[in-house]
Amino acid sequence: MDLLIPSEGLIFWQLIGFLVLLFLLSKYAWKPILASLEERENSITEALEAAEVAKQEMKKLQAENEKILAEARLERDKMLKEALSTATMIKDEAREEASKIGQKMIDDARAVIINEKQAAMTELKNQVATLSLQVAEKLLRKDLSASTEQKGLVDRYIKDLQIN
Amino acid sequence: MKGCAEKSKINELIRIFLVLMMMSFSFQVATAQEVEEQEVEEGESKTEYILHHIKDTHDWHFANIGHAHLTLPLPVILYSADRGLEIFSSNNFLDPETHEKVSHAGYTIDEHEHIVAEDPSRNVYDFSITKNVAMLFITVLVLIFIMFAVAKRYKNHPKAAPKGVASFFEPIIIFIRDEIAKPNIGPKYARFLPYLLTLFFFIWFGNLLGLLPGAANLTGNIAVTFVLAMITFLITNVNGNKEYWKHIFATPGVPKLLWLIIVPVEIIGIFTKPISLMVRLFVAITAGHIVILSLIGLAFIFNSYAMGVVSSVMVVFINIIEILVATIQAYVFTLFSSMYIGAAIAEHHHDEHHVDKALI
Numbered sequence: 001m002d003l004l005i006p007s008e009g010l011i012f013w014q015l016i017g018f019l020v021l022l023f024l025l026s027k028y029a030w031k032p033i034l035a036s037l038e039e040r041e042n043s044i045t046e047a048l049e050a051a052e053v054a055k056q057e058m059k060k061l062q063a064e065n066e067k068i069l070a071e072a073r074l075e076r077d078k079m080l081k082e083a084l085s086t087a088t089m090i091k092d093e094a095r096e097e098a099s100k101i102g103q104k105m106i107d108d109a110r111a112v113i114i115n116e117k118q119a120a121m122t123e124l125k126n127q128v129a130t131l132s133l134q135v136a137e138k139l140l141r142k143d144l145s146a147s148t149e150q151k152g153l154v155d156r157y158i159k160d161l162q163i164n
Numbered sequence: 001m002k003g004c005a006e007k008s009k010i011n012e013l014i015r016i017f018l019v020l021m022m023m024s025f026s027f028q029v030a031t032a033q034e035v036e037e038q039e040v041e042e043g044e045s046k047t048e049y050i051l052h053h054i055k056d057t058h059d060w061h062f063a064n065i066g067h068a069h070l071t072l073p074l075p076v077i078l079y080s081a082d083r084g085l086e087i088f089s090s091n092n093f094l095d096p097e098t099h100e101k102v103s104h105a106g107y108t109i110d111e112h113e114h115i116v117a118e119d120p121s122r123n124v125y126d127f128s129i130t131k132n133v134a135m136l137f138i139t140v141l142v143l144i145f146i147m148f149a150v151a152k153r154y155k156n157h158p159k160a161a162p163k164g165v166a167s168f169f170e171p172i173i174i175f176i177r178d179e180i181a182k183p184n185i186g187p188k189y190a191r192f193l194p195y196l197l198t199l200f201f202f203i204w205f206g207n208l209l210g211l212l213p214g215a216a217n218l219t220g221n222i223a224v225t226f227v228l229a230m231i232t233f234l235i236t237n238v239n240g241n242k243e244y245w246k247h248i249f250a251t252p253g254v255p256k257l258l259w260l261i262i263v264p265v266e267i268i269g270i271f272t273k274p275i276s277l278m279v280r281l282f283v284a285i286t287a288g289h290i291v292i293l294s295l296i297g298l299a300f301i302f303n304s305y306a307m308g309v310v311s312s313v314m315v316v317f318i319n320i321i322e323i324l325v326a327t328i329q330a331y332v333f334t335l336f337s338s339m340y341i342g343a344a345i346a347e348h349h350h351d352e353h354h355v356d357k358a359l360i
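Protein chains in written order, with the working numbering: chain V, 1 to 164; chain R, 1 to 360.
Hints were generated in silico from the structure; no laboratory data involved.
Any given hint might turn out to be false.
PhoX-like mimics (lysine-lysine), calculated; alpha carbons at most 20 Å apart, straight line [unchecked claim]:
#1 V:55 x V:67
#2 V:125 x V:151
#3 V:117 x V:78
#4 V:27 x R:188
#5 V:159 x V:125
#6 V:31 x R:152
#7 V:31 x R:242
#8 V:31 x R:256
#9 R:256 x R:242
#10 R:182 x V:31
#11 V:138 x V:151
#12 V:117 x V:104
#13 R:188 x R:242
#14 V:67 x V:78
#15 R:256 x R:246
#16 R:163 x V:31
#17 V:81 x V:91
#18 R:163 x R:152
#19 V:27 x R:152
#20 R:256 x V:27
#21 R:246 x V:31
Based on the provided sequences and hints, a complete structural model is requested.
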């Protein structure tokens with residue numbers, strides 16, 4: 001057959017053969033192959049994207065954690081400081097209170113002492129007066145003439161007592 | 001893992017390569033025998049002998065062993081208006097004793113291997129299963145067998161990494177998709193991908209199988225390349241959008257007077273594209289076969305052993321190149337087909353549109 005003139009028989013068979021091949025391969029070979037290639041590529045892309053997202057999430061989470069930790073640390077420091085100052089305040093207050101109470105007690109005690117002293121003095125004075133009177137009585141019984149002199153003596157004694 | 005897969009891929013390639021080498025060697029031996037026999041018996045000139053090997057025939061002649069012809073008879077299918085469909089064996093055209101061509105049922109085979117009616121008034125259409133048609137069927141069956149095996153792997157394990165035969169073909173399929181279809185056709189590539197894949201593998205397998213010993217020169221036949229180019233031509237022009245036709249019949253950006261020249265050139269261009277596809281593949285494959293056959297023929301023209309050794313070495317070398325050419329031609333045909341389709345469906349963006357957009 002001629003080299004350069006296509007023969008109608010071969011054209012006919014080639015057309016049929018190629019179209020049948022095209023149909024069969026398209027339907028039963030290329031379709032599943034290309035579909036599965038695409039599916040695989042998509043799943044790889046998706047997996048990579050998911051990994052990237054997870055990485056970002058991780059980073060975010062980590063950053064958040066760090067932030068929370070820092071906040072917690074800050075809070076702790078603040079609380080510690082507060083507690084310390086509160087403690088100091090309480091201590092100061094306690095001390096103040098204690099010193100106040102102590103002062104008051106001392107004052108009270110002093111007042112009581114003064115009162116007691118006064119009372120004791122009064123008592124003593126009365127006692128002394130009574131004693132003096134008794135002494136005077138005894139003296140008077142002995143010598144009443146010299147009463148003025150004696151009274152002056154007694155007063156002098158009393159004065160001496162008061163100083164003591 | 002990746003390195004291992006690559007290694008096995010390379011191993012597979014080497015294996016295929018070695019098989020092809022061995023086959024080309026036996027091809028050379030077989031054809032050498034044929035040359036000798038034919039020269040002794042028929043005294044045919046080398047040119048005729050070579051052309052006989054390249055052209056299509058009605059029987060599949062493998063070799064002559066002694067005086068025995070190793071020939072596969074093929075069915076002859078004829079259609080004529082008066083006799084209807086006629087089917088008989090191509091053996092009927094050969095005299096069983098002398099192996100001379102004889103006429104049968106009012107038909108003869110002429111010197112161009114055409115079946116002609118002896119009555120010149122009768123018109124007969126030849127749909128015979130010739131050597132090339134038989135080769136076509138073999139190529140189609142091999143392709144279906146292999147690609148179905150590949151597809152099975154993907155159907156059974158859609159997300160798994162490819163294995164076995166699938167791992168050999170997957171990079172090629174991905175190459176055609178990502179390096180040929182996507183960049184040349186654009187976002188609508190998926191519609192044309194099955195055609196491009198079929199085209200590539202048909203041409204590639206046809207080219208490689210054509211290099212086997214005794215095989216027919218299928219992809220080096222102009223009828224075959226004509227059909228392939230015609231399908232690309234039809235796909236291109238059926239899918240051609242408004243822009244495509246506007247560029248042909250009212251080329252934008254050109255003075256109207258020049259349309260007188262440009263429009264005819266563009267119209268011719270529609271047809272030169274498929275013709276170039278058709279001729280390129282036909283010539284590349286046919287030329288390769290002619291070179292190999294010529295080199296083998298040299299040994300018998302010089303009738304020396306030394307020349308036989310030299311031409312054998314040369315033939316092995318050319319065969320290696322032919323394996324490369326087989327792949328390149330399949331790639332080129334597919335590439336140009338996708339470029340033509342891409343040009344026909346592309347959405348053109350002219351500069352003035354950009355300016356308009358910029359102004360808005």
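- Return the numbers of the hints above that this structure violates; sort them in rising order. 3, 7, 8, 20 and 21
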